[in-house]
Structures are given as structure tokens and as C-alpha cells.
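This is what each chain is made of:
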Amino acid sequence: MKTFLNILLATSLALSGGAKEIKLLNVSYDPTRELYSEYNAAFAKYWQAKTSDTVTVSQSHGGSGKQAQAVVNGLEADVVTLALAYDIDAISQQARLLPADWQQRLPNNSTPYTSTIVFLVRKGNPKQIKDWDDVVKKGVSVVVANPKTSGGARWAYLAAWAYALETNNHDEAKAKEFITKLYKNVPVLDSGARGSTVTFAQRDIGDVLLAWENEAHLALKEFGADKFEIVTPSLSILAEPPVSVVDKNAKRHGTTEVAKAYLNYLYSDEGQEIAAKNFYRPRNETLTGKYAGNFSQLKLVTVDQEFGGWAKAQKTHFADGGIFDQIFQP
Amino acid sequence: MNPVATTFHTPHQAAHRHSTTESPFVRRLLIGVALVFLSVFLLVPLVCVFAQAFAKGIGFYFHTLGDPNALSAIKLTLLAAGISVPLNCVFGVCAAWAIAKFDFRGKNILLTLIDLPFSVSPVISGLIYVLVFGAQGWLGLYLNADNPKFPWLANWLNEHNFKIIFAVPGIVLATIFVTFPFVARELIPLMQAQGRSEEEAARVLGASGWQTFWRVTLPNIKWGLLYGVILCNARAMGEFGAVSVVSGKIRGQTNTIPLHIEALYDDYNFAGAFAVASLLAMLALVTLGLKTWVEYQHARQNTAEEKISL
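Line by line, the protein sequences are chains A and B. Taking the working numbering, I'd label the letters of the first sequence as residues 1 to 330. Taking the working numbering, I'd label the letters of the second sequence as residues 1 to 310.
The set of hints was computed from the structure by calculation and includes no laboratory data. Glycine included, every Cβ here is placed at the ideal spot set by N, Cα and C. It is possible that some hints are incorrect.
As the list claims (entries may be wrong) - The list that follows gives simulated cross-link-like pairs (lysine to aspartate or glutamate, EDC-like), each with its CA atoms no further than 16 Å apart:
(1) A/Lys-184 - A/Glu-222
(2) A/Lys-221 - B/Asp-266
(3) A/Lys-277 - A/Glu-222
(4) A/Lys-251 - B/Glu-159
What the hints assert, rightly or not - Okay, the calculated bits of chain B under chain A, using three or more residues with CB under 8 Å as the criterion:
(5) 225-234
(6) 249-255
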């Protein structure tokens, strides 16, 4: 009886508008660990000042495709911040947890920051890797993650494909030949981008890592700029990692409002600055100048221009029996 | 004499044993090879774990272990082992008892089933639970169906936010699955070797089934049981593959110690990863110590029994 009264008291207090404690789960991809551990603290501070509620954001990280599958299978994410739009489409199609037009709900295709694919090589660049042509040369060992499970690896694959198309007058057969040579040079496919970075940097495997730009900069910061160099190819892809509220989960948890605010705040000055500091290219153009030193200029193609959107790219290249399955024999 | 004694070296057996004909050189060479092999593959990595764990100083070591996410991982691992070990202990004794002391149809099928977790890759066992209990699996389809059978059950489960996968119950289930055979496999050969004569004698003298179990069977198998429990516990705490599939890896919530180690390693926090790994290494050392103690006790008891029977 006493506990019952206590519960009653507690609920009436909560309903009468005392400060609430809110929990959010952000299911994200691999290289965003540092970004979101900084951003979550900033958002909690902002939200407490605004509403006096405390919000604790829990994180789960892994290969983008793998994470999307976990959400489909019941991992109750309030928000997803994944490596590419197709993975959030998959959650919408397979589990119907959010509407199909999710990408129209936030500015810039729901992508608060962008990135691209660059090369990380060992100090002094002993194999003289300057552009994509050097990556496919015989005897160069390339480290990249598995495109089936990792978002960064899919962006890297498409960047290489786009380069091959540009330099071969858009001859698809030549591009396929190029990408075959590239994956012949890959000794290990980790399941996520972070796994590949650890393979390259900590375990000392490979001559070049095809990495997210943010991941390459972070590796320089963590392991020391005297060990590695970043090489920017002549052409790469504009990688757009999107974010979305997972409507049904958030509704069930009663967190819709705070989940929306959490993603919106990524577009604020503070959110954009945290992204830029963590080597993600901010959308806010006033910051682009301030952090220009972090982001080198190169020709960037988009998945919409070059591949007709993610749905098509996924089907042609990464689905079962797609081009990746045809060219890669482990 | 207790037949199990043959598996242990008792002192007076050793006395008959210097009949090997190899020269001292060959003997030393063999011992040397074994020692080198052991130190390269076991001792060096062990030392390495502790060296790396303290690479950033003792303050950092305890800071890592006191982190809320690390404490939550430790708690979850203890909880999973605390549930799965007693359950598998009860199951193991029941199964071994049934198999060793009775004849029934399907005995071999039961034996094969007990061995199943040994022959299936842990990742597959995790996936099985995702397929059954996941949102797209049987349970999920039932809970999300428009007209489920037994609507009161579906409503009740939905209202209480009943979750198995990506939550603690899934982790416990996966741990139970992979540690399933340890106790049973340890006890079956032991109980088979002991035979049924003592139990039959007890029954003839008027003991009930329950009395027979507590006063005759259990004292006979207690060291084997303890041994099985120790192995079962070590595996339960160290399990990675199956748990990693069903965990969802939410930091501070569904990460066990091995998963937390992976997370720290991937955060470039190598010293932190090794600090937490040193906990598992210490668990291994404790396990080893306990195992040696159990074997010693068992051997001593057997020697005492033999002296009486001589």
C-alpha cells in the first residue's frame, strides 16, 4: 500500500511539471563516436537551460548497414544518424517505423554535415599514392571496410567508380575492370569503418586506407601527425550522412519532441561548430571559412548526379548478385 | 576403489613411473619445447595485457574501471553469469542423472542436443534468437499483428514494453545457450563411470529417491560439479559472439565486459580496453587457481579412500 502511494505521488509530481529525466537512444554509424559524445553533452546543456529537463543520450555504434538491420529487428532507437540515406530507407521499408519521405523533413536532405572519401597513407607516402590510379596498381595493399555492412565503404566504392567513369568517358565496362583491380588489392574487409582504421593504423596492415575524411583527420590526431599523411584524390564523392527521428519508437517512448529538437540542434551554430571541429564539413557557410584548413578543395560528385540516387546505386552495386558480388572473391 | 582415480596422479602411482628409457637430454628437450611454447603463446600475451592496462598509469586504470559505462558492463556480465550458471547447473545435474542412471528411448538424441551449442558457431546462436524474438521474427510479428490470437496477451506484453532482443533478457538467453553443455558434459562421463550400484544399494536399504540423490549421488559428483561450474562461469563471463549479435551495443545499457572492451578499443582508447581486459584476465587466473584446487581436493579425497580400501 505504501509503495502504491509513493508511485501515485511520484506520478502526480511528474504530471504537475517537475523537471523530467528523459532518455534518448541514438543509433549511429562507426566514426561518429567522438562527434556525438561531444554533441550529446552540448545538447543536454542546451535542453536543460531551455526546459529544465535532463536528457541522457545513449549511443550505439557499428557499421551503418548492420546498425540499420538492428533497428529493423527491434533495437529501439529514438533517432538514427547513419552513413547514407539507403540505410534509413531500409528501416522505413522493412519495419515501417518512419514514413518514406523522411528525408524531406529536415534541411539539406536531412544531412546536417557532409564528408568525403580521402586516402590515408604512411608518413612520407612510400608507395607514392597520389590519385585513384595509384591505388589500383599491383603490389599496393588497400584497407577498406565491407560495403555490405559499412556505409563508408559504400561511399569509397562509389567514389572509385565515379573516378573510373570520369577518366574513361563513362565506359561502364572499364569502370568494372577498375573496381575489380581495386578490390584485388584489399587483404581484409572489416565490418565497419572504425575497424578498418584500427587495422591500418594500429595493426599496421596496408599501404593506403580509403577513409572518411573525418576519420582520416581523427587518425592523425589520435596516432600522431608524424605517422600518417592525408592524400586528397583529384575526384571523390560528396558523402551525405543523414539523420532522422524513428517516429514509431519515439512516439512509444514519448520522446518525439526532444528527439526532433536533438536533430534540429545539429543545424544550430553550436551543433555545426562541433561537427566542424570533429572534421565533418558543416552546412553553415560562415564556418566553412573558419575551418577551411581542415577541408581540402577537390571535385566532388553526388550520388544523385552520378548514380541516379541511392536506391538505384544500392540495387546495381551492393544488393545480392550486384556488381560487388560479381567482382569480389574473398 | 573409485574408478575416477585413474585420471589423477596419486603419489603412490608416481612411484612406479621412472621406467621411461629416454636419455636426460631428450627429456630436457621435450620439457624445454613445451615451456617455450607455453610462454610464447600464453605467458607473453598475459603479461602484455597487464603491461598495456597500466600503460597510462594506475590512476587511469582505476578511472577506466570506475567509469559508469564500465561499471554497467561489469554489472550486466555478473547478472548474466549469475542467472545462467545456476540454471545450467540444475539442468546439467538433471541431464547427467537421467543419462547416466537410466535407460530410455531417445537417450542419444538428448546427448546430441546437449552438444549442439559446442558445434554451432556462437554468432549463429545469437542470430537464432534475433530470428525468433526480433521485431521481424515470430514474437515481433505477433506483437505487431492487427488481430493477434490471445489479444489480452499481446496487449499485456505491449503495455509492459516486453523486450528480449537488444535488452538484458536476450543477453541472458544467449549466455545460457552457449554455456549449456559445460556442467552436463563434465558430469555425464563421471556418473557413467561410477555406475548405479551405490544408488541401487541405497534404494534396497529403503532410501527415497530424493535421499539417494542428496546422500549418495551428490557427494560422489561434487568435485566434478564444481569443476563444471567453474568452466561454465568462465565461458559465461567471456562470451562475445552470441552476445554481440543480440546486444545492440547500447553503451551503459546492453554492453557486457567483452563488448565494452571492443567499444573502448574502437574508440582508440587502447589502454582503457586493456584495463577492462585485465579484469577478464584476472578472472581467468582465478578460474585456473580454483580448478587446480578442485583437482587437488579430488585427488586427495581419492587417495584417502584408497588407503581405507587397502
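>> So, against the hints stated earlier in the document, which numbers end up violated here?
In response: 1 and 5
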